[in-house]
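Protein chains: 2
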Amino acid sequence: MRSINVGLLGLGTVGQALTQLITQSQPTIRVVKALVRHPIRARGVAVRVTTDPDEIVRDPEIDVVVDVMGGQHPAMEILSAAFQHGKDVVTANKEVMTYYGPALQALARQHNRLLLYEASVAGGMPIIDAITHHLSVVPIDRIEGVLNGTCNFILSHMEEGHDYLEALHEAQRLGYAEQNPEADVEGYDTARKLVLLARIGFHTEIPAEFSAITGITGVTGHDVARLASLGCGVRLVGRALCQDQGISLSVAPTVYRQGHPFLRLQGPQNAVQVTSAVGHFLFEGPGAGGLATATSVLSDILRIRQLVPDREPNPMISLTFNEPETPAICFPLDPETPLPQVLPDELRRTSSYAILSCQLPRELAKLWGLRQYAWGEEEGPTIR
Amino acid sequence: MRSINVGLLGLGTVGQALTQLITQSQPTIRVVKALVRHPIRARGVAVRVTTDPDEIVRDPEIDVVVDVMGGQHPAMEILSAAFQHGKDVVTANKEVMTYYGPALQALARQHNRLLLYEASVAGGMPIIDAITHHLSVVPIDRIEGVLNGTCNFILSHMEEGHDYLEALHEAQRLGYAEQNPEADVEGYDTARKLVLLARIGFHTEIPAEFSAITGITGVTGHDVARLASLGCGVRLVGRALCQDQGISLSVAPTVYRQGHPFLRLQGPQNAVQVTSAVGHFLFEGPGAGGLATATSVLSDILRIRQLVPDREPNPMISLTFNEPETPAICFPLDPETPLPQVLPDELRRTSSYAILSCQLPRELAKLWGLRQYAWGEEEGPTIR
Numbered sequence: 001m002r003s004i005n006v007g008l009l010g011l012g013t014v015g016q017a018l019t020q021l022i023t024q025s026q027p028t029i030r031v032v033k034a035l036v037r038h039p040i041r042a043r044g045v046a047v048r049v050t051t052d053p054d055e056i057v058r059d060p061e062i063d064v065v066v067d068v069m070g071g072q073h074p075a076m077e078i079l080s081a082a083f084q085h086g087k088d089v090v091t092a093n094k095e096v097m098t099y100y101g102p103a104l105q106a107l108a109r110q111h112n113r114l115l116l117y118e119a120s121v122a123g124g125m126p127i128i129d130a131i132t133h134h135l136s137v138v139p140i141d142r143i144e145g146v147l148n149g150t151c152n153f154i155l156s157h158m159e160e161g162h163d164y165l166e167a168l169h170e171a172q173r174l175g176y177a178e179q180n181p182e183a184d185v186e187g188y189d190t191a192r193k194l195v196l197l198a199r200i201g202f203h204t205e206i207p208a209e210f211s212a213i214t215g216i217t218g219v220t221g222h223d224v225a226r227l228a229s230l231g232c233g234v235r236l237v238g239r240a241l242c243q244d245q246g247i248s249l250s251v252a253p254t255v256y257r258q259g260h261p262f263l264r265l266q267g268p269q270n271a272v273q274v275t276s277a278v279g280h281f282l283f284e285g286p287g288a289g290g291l292a293t294a295t296s297v298l299s300d301i302l303r304i305r306q307l308v309p310d311r312e313p314n315p316m317i318s319l320t321f322n323e324p325e326t327p328a329i330c331f332p333l334d335p336e337t338p339l340p341q342v343l344p345d346e347l348r349r350t351s352s353y354a355i356l357s358c359q360l361p362r363e364l365a366k367l368w369g370l371r372q373y374a375w376g377e378e379e380g381p382t383i384r
Numbered sequence: 385m386r387s388i389n390v391g392l393l394g395l396g397t398v399g400q401a402l403t404q405l406i407t408q409s410q411p412t413i414r415v416v417k418a419l420v421r422h423p424i425r426a427r428g429v430a431v432r433v434t435t436d437p438d439e440i441v442r443d444p445e446i447d448v449v450v451d452v453m454g455g456q457h458p459a460m461e462i463l464s465a466a467f468q469h470g471k472d473v474v475t476a477n478k479e480v481m482t483y484y485g486p487a488l489q490a491l492a493r494q495h496n497r498l499l500l501y502e503a504s505v506a507g508g509m510p511i512i513d514a515i516t517h518h519l520s521v522v523p524i525d526r527i528e529g530v531l532n533g534t535c536n537f538i539l540s541h542m543e544e545g546h547d548y549l550e551a552l553h554e555a556q557r558l559g560y561a562e563q564n565p566e567a568d569v570e571g572y573d574t575a576r577k578l579v580l581l582a583r584i585g586f587h588t589e590i591p592a593e594f595s596a597i598t599g600i601t602g603v604t605g606h607d608v609a610r611l612a613s614l615g616c617g618v619r620l621v622g623r624a625l626c627q628d629q630g631i632s633l634s635v636a637p638t639v640y641r642q643g644h645p646f647l648r649l650q651g652p653q654n655a656v657q658v659t660s661a662v663g664h665f666l667f668e669g670p671g672a673g674g675l676a677t678a679t680s681v682l683s684d685i686l687r688i689r690q691l692v693p694d695r696e697p698n699p700m701i702s703l704t705f706n707e708p709e710t711p712a713i714c715f716p717l718d719p720e721t722p723l724p725q726v727l728p729d730e731l732r733r734t735s736s737y738a739i740l741s742c743q744l745p746r747e748l749a750k751l752w753g754l755r756q757y758a759w760g761e762e763e764g765p766t767i768r
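The listed protein sequences derive, respectively, from chains L and C. Position one of the first sequence corresponds to residue 1 (my numbering), numbered consecutively onward. Position one of the second sequence corresponds to residue 385 (my numbering), numbered consecutively onward.
Quick caveat, the hints were computed from the structure, so don't treat them as lab data. The beta carbon of each residue, even a glycine, is placed where N, CA and C say it ideally should be. No incorrect hints appear here.
Coverage of chain L stretches by chain C, computed from C-beta distances (three or more under 8 Å per stretch; other residues unrestricted):
| id | segment |
| --- | --- |
| 1 | 290 to 302 |
| 2 | 365 to 376 |
Using 20 Å as the maximum straight-line C-alpha spacing, the simulated EDC-like pairs for lysine to aspartate or glutamate come out as follows:
| id | chain 1 | residue 1 | chain 2 | residue 2 |
| --- | --- | --- | --- | --- |
| 3 | L | K366 | L | D334 |
| 4 | C | K417 | C | D438 |
| 5 | L | K366 | C | E570 |
| 6 | C | K417 | C | E445 |
| 7 | C | K750 | L | E186 |
| 8 | C | K417 | C | D436 |
Distance windows between CB atoms, simulated:
| id | chain 1 | residue 1 | chain 2 | residue 2 | range |
| --- | --- | --- | --- | --- | --- |
| 9 | L | Q243 | C | T397 | 26 to 32 Å |
| 10 | C | E544 | L | T220 | 39 to 45 Å |
| 11 | L | A103 | C | E562 | 51 to 57 Å |
| 12 | L | Q72 | C | R493 | 40 to 46 Å |
| 13 | C | G615 | L | H111 | 54 to 60 Å |
| 14 | L | G246 | C | T412 | 25 to 31 Å |
| 15 | L | Q84 | C | A430 | 47 to 53 Å |
| 16 | L | C358 | C | I424 | 55 to 61 Å |
| 17 | C | Q404 | L | E205 | 24 to 30 Å |
| 18 | L | Q243 | C | T412 | 27 to 33 Å |
| 19 | L | T220 | C | S741 | 21 to 27 Å |
| 20 | L | N5 | C | Q494 | 26 to 32 Å |
| 21 | C | H495 | L | E205 | 37 to 43 Å |
The following block holds chain L by itself, in its conformation from the complex:
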C-alpha cells in the first residue's frame, strides 16, 4: 500500500487530534510537518513545525496538504500554491471553500489534483460525500440542516427557562460560544455551510453570500416558552430549495412540533435532511470536535490513496454469540394469566409485565411461558 506524507496547515484542536489518530491507526501515513503561527508554544504531539508555508507546499516529500487552520486568507493562497506544486488537498475550512471553492476546484482540475473537503460541513458527519456521490444522482428538491452547535446549545438552554443573553453567556463560559459570537448566532456560519451543500446538491454555481439570513439573537425566552406550551420547539435551520422558479436559500429560526428529529439535537450534534425523487433522507452526527473533524479529514486522505481502501480483513476476532445483554420486557404468553411465580420476586414489578435486567435465554423464557422484547435504550421503561 502506497504510503502518504501529509503536510498540515494548522496544529490546533483538529490538527492535534488528526496527528494522534494517524499515529495510532495509520502506519502508512506520516505527518511530516505542520505550519504554525507560534513555533515555541508546546503542543501535545511531536511534529516538526514551521512558520513558512513554502516549507510545506514546496516540500517534495509531502503528497497531501491538509488545511485545518480556517479562514479565507492565507488559506486560499497556500492551497493554490499547493496545487501548483502538485499536491492534493484536503480541507476542513468552510470559509475558504465557500468563498474560493469553485476557483480552487478549477485549479485542482487544471493541475490534475484532488480537492476534498468532507470536514468543512458538519464535522464528523459524512454529508458532503453522501450528497456528492450518492443523493445527487437524482434531482434533489430540498436540503435542510441544523448546522451550528453554538445555536443548538443556546436554544436548548433557553428551553430550560433562560433568556437569550443568559444562555449566550453560559455558552461563552463553557467555551461553546466565542467571545465574539456573531458568526454563529447571526446565522452566517450556517449560511456558509448551506452554500456548500447547495452547490453539490443542485450541481450549480451559487454565490458565497445571500441575504435571507436571520440568526437567533431575536429569539426570546418568552417565545421559547410559548412554543413549548404549543408542543413545539425551535432550531436555527438552513434551508435550500430547488423549485421551478430557481434556487432559494434561507437561514431562520424554525419551529417544529415535538418529536421532529431536529429538536432532539443538543450541542454539537448536527443533522441534515435531504428530499429527492427517491424519498427522504436524514443524517445525524457530531458536527464539531477535534476527533470528529479529524475522522472526516482522515477519510478524505484515505480516499485520495485509493478509490476503495478495501482494507485486508484483520485476523478473525473471537466471535461470540452471547445472548444480548440489553434489558428485556416480558409478557406472559396468555395475556389473561399473571406472570409465573418462578420469576424472582424483585423482578415481578406488575401483575401483567416484568422488566428484567437482561434477556432470558430463549429456552427459559419458553419454559416460563414468557414473550420477551429486547429493550433498546439505556434504561428500561418506568413501572407504573
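Dock chain C against chain L, hints included.
For chain C alone, kept in the frame of chain L given last:
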C-alpha cells in the same frame, strides 16, 4: 469523460429503474445488454436481452457487470466469471454478498477489479460507503439498524389495533410481504444485512449465519397495545456489538420509548445508528424501491469511473432569493401587548400569537412589531 458500458444481470424493478435513470441522466453510460430468464416478456425499457450469462461476462464491450437479480446462485458463479474476464462488478444482491462476499472480494483483488455493493443494504441509503470509508476510520462500538420494510409495515399496522396475522395478510394483500414471508418476518433478511454492516464496521471476518435471531412472528397485538400504554413501541432491530469479549450479533423485536427515531419508521424507510469513539450517528432513508436501489447502484458505477466525479457545474441557474414560502408563527415584540390590529382578521387567531400562511417580509414584520419564526413542517401548529 470515459464512457462506461454496463451489462445487467436481471431486468426486474431495479434493473428497469436503473436503465431509465441512466438513459435520462447519464449520457456517457450505456446499458449494453441484460440477462433475463424470459426474453419474450415485454419490458418497459429498450435493452437487448439474453438468457446466456456468457454473453454478458465475455462481451469485450462491457466494462461493468451489474447484479440486480438477487439470490446466491447463479449470481456467485456469474460474478466470479465476470472478474475472470476483467469486469468490475456492482451488486445489489445481499444474499451473494453475505455468503460469498469475502471470496468475491478476494477474487476481485486477484484480478485487480472492483466489487461495490452499496445497494445490498438499505436500498437507497448510502450506509455501506459511510461506514467503510468514513465511520470505521475510528473503532466502532455498536451498529443498530431497522433494515426490513415488511416488518416495519406489519408493526406499524399492529399499532393501529390489528393482530399479527391480520397485519401480515394486509401486507401481503398490498404487495409489501411475499406469499412466503419467512425471510422477512423471521428476521433472516435483517440478519444478512447486519452481517454485511458488521464486516465493514468491525474490519473482521464474520460468518454468514448466526443464531441469535428472533423475528416478529411472536409479537402480539396485546403486547403492542400494552407497550403503547407504557409510552413505548417496538421495531425489529439488528444489533452488532464489539466489546472486550468479542463481537456479538443479534436480531430481535426491540422496545423503544416514544420519540426514539426508530419508531418513526414506516414501511420501506430504514435507519441505522452507529456509535463510535467520535459519537453517535444516525442515517435514515428509503431502504427499498426500484429508484432508491437504482440510485445506489448508479453511484457505485460512477465511483468506478473516478474517485471524484466532480461534475462540471451546470451553467448558472437563475438564483432567486425569495423570502421562504414556509408558513410562519408570529409573536408581538412585547409579550404583554396584543397582536397589532393591522394583521388581517382571519390570521389573528389568538390574542398572543398568529399563524401566517407565509413569512412576512422582514421590514413589514418590524413595522408591525412582530417576531416571526419559520414553520418547518407541512402544517402549522394547531391553534388552541
